[in-house]
Every structure is written in C-alpha cells, then in structure tokens.
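A.B. asks: According to UniProt numbering, the sequence shown is numbered sequentially starting from 1.
Just to be clear, a hint being listed does not mean it is correct.
[Stated by the list, open to error] The calculated label-pair distances, taken between Cβ atoms and stated as ranges, are:
| id | residue 1 | residue 2 | range |
| --- | --- | --- | --- |
| 1 | L153 | W29 | 19 to 25 Å |
| 2 | A108 | A25 | 18 to 24 Å |
| 3 | W9 | S126 | 24 to 30 Å |
| 4 | W32 | S64 | 30 to 36 Å |
| 5 | A41 | L117 | 41 to 47 Å |
| 6 | W32 | S156 | 22 to 28 Å |
| 7 | S64 | L127 | 20 to 26 Å |
| 8 | E91 | L66 | 30 to 36 Å |
Hints are computed from structural coordinates only; laboratory data are not their basis. Ideal Cβ positions, reconstructed from N, Cα and C, are used throughout, including at glycine.
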Amino acid sequence: MPSASHSPWRHLPNAISMLRVLLVAPIGWLLWHEKWPSALALVAIAGASDGLDGFLARHYGWQSRLGGMLDAIADKLLLICCFVILAWRQEAPLWLAVIVCGRDLVIAAGALGWRVLIGPIEPQPSLLSKACTLAQIIYLLTVLLALACWPGLRSSALAWLVAVLCVASGVDYVVRWSRRAWRALHGNSRLPPGKGLG
Numbered sequence: 001m002p003s004a005s006h007s008p009w010r011h012l013p014n015a016i017s018m019l020r021v022l023l024v025a026p027i028g029w030l031l032w033h034e035k036w037p038s039a040l041a042l043v044a045i046a047g048a049s050d051g052l053d054g055f056l057a058r059h060y061g062w063q064s065r066l067g068g069m070l071d072a073i074a075d076k077l078l079l080i081c082c083f084v085i086l087a088w089r090q091e092a093p094l095w096l097a098v099i100v101c102g103r104d105l106v107i108a109a110g111a112l113g114w115r116v117l118i119g120p121i122e123p124q125p126s127l128l129s130k131a132c133t134l135a136q137i138i139y140l141l142t143v144l145l146a147l148a149c150w151p152g153l154r155s156s157a158l159a160w161l162v163a164v165l166c167v168a169s170g171v172d173y174v175v176r177w178s179r180r181a182w183r184a185l186h187g188n189s190r191l192p193p194g195k196g197l198g
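Please work from the sequences and hints to get the whole structure.
C.D. replies: Following this line, the structure appears as structure tokens:
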C-alpha cells in the first residue's frame, strides 16, 4: 500500500487551492456586475474549499511547501478581490478594505524580505491568523447574503471584529518575524525557515 507521500491523491489539496485561485476572476466579475446570489454561491464554495484542503493535508500528511504557498496566495487574492470590489461598490466600509489589504501587503512584504535576506519560507499560519481569515470569510458571506436575500443580516460589530483581528494578527506577524529575522541574521539561533507565516 503506498505511503501518504506517494499516494496518487497527495496533490488533491494543491488542486483544491488552485481551484480557489481560479475562482477569484469569476467572483470578481460577479461582484463587479452585482450578481449577488451567484457571487455568494462561489464565495461559499471557496470558503468551504479553504477548510477542506487544510483538513486533507493535515489528516493524510499531504503537506508541502507548494501547498502552503498556494493556500496562502488563494486566500489573499480572494479576500483582497472581494473587499476591494465591495468597498468600491460601497457595500463594505472603505476603512475595512484598507485594513484588510494593508495587513496582507505587510505580510507579503515581510515574506519577500525574508526570502531575499534569509532564505526559503514555508507558510504556517498562526491560530490568530486563521481566526482572522475565518472572520473575513464569514463577514463576506454575511454581506453577500444580505445583498442577495436577507437585508437585515448586516452587522457593524462583525466588521469591527474583522478589523481588530486584522490589526492584532498583523502586529503579531511583525513582532514574531522581526525577532526571528534578527536572530537569524545575527547568528544567535538556528531557525528552520518559514515557521509561522500568516
């Protein structure tokens, strides 16, 4: 019986992440043209796939550096696309879109800096970062559900929760990775590359 690392299904989590990347364009088109029910359906599929690929990778030992990168890229592309277009359409607060995009730009810049100055990086989001991503997905689903069929579902409290989690996870990322980079660059510890990117 083949081991997990040699299973013909070992690339399934990567394929699911890639599907989520491919969904960004049609979701963006649907949001731009205010096709709210269809956009809601695709965002729900993308959100469910985010949990599915992570479960399969952990449960069957199918984790890989490529998979981690694809998962992170898919999440960030999808969330930035949705928040920017909804803010442009004035269906989500502009300040919230700025916070969400700003956090992801900080993470991307930090990852690039680590790659250039120190070496390869393997994304492994913290629990705080995972909570932030989940809150963003729930927020998007509630906004789209309100636009599609349930106007009373909108919640400013949920928007503030997303903002707080974005700021907290962004600060956590900067602090943790600044310390690791300092130690790695000054030779005070041997650090495995890429623990905790979120």
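A.B. asks: Take a look at whether the Cβ-Cβ distance between A41 and L117 falls inside 41 to 47 Å.
C.D. replies: holds, 43 Å
A.B. asks: Kindly confirm whether 30 to 36 Å is satisfied by the beta carbon distance between E91 and L66.
C.D. replies: At 35 Å between Cβs, range holds.
A.B. asks: Is the distance from the Cβ of W32 to the Cβ of S64 consistent with 30 to 36 Å?
C.D. replies: holds, 34 Å
A.B. asks: Using the beta carbons of W9 and S126, state whether their distance is inside 24 to 30 Å or not.
C.D. replies: holds, 28 Å
A.B. asks: Please test the hint of 20 to 26 Å on the beta carbon pair from S64 and L127.
C.D. replies: holds, 21 Å
A.B. asks: Just tell me: holds or violated, for the beta carbon distance of A108 and A25 against 18 to 24 Å?
C.D. replies: Between A108 and A25, where Cβ atoms are some 20 Å apart, the hint holds.
A.B. asks: Between W32 and S156, is the Cβ distance one that fits in 22 to 28 Å?
C.D. replies: holds, 24 Å
A.B. asks: Lying within 19 to 25 Å: is that true of the beta-carbon distance L153 to W29?
C.D. replies: holds, 24 Å
Of the numbered hints given earlier, the model fails none.
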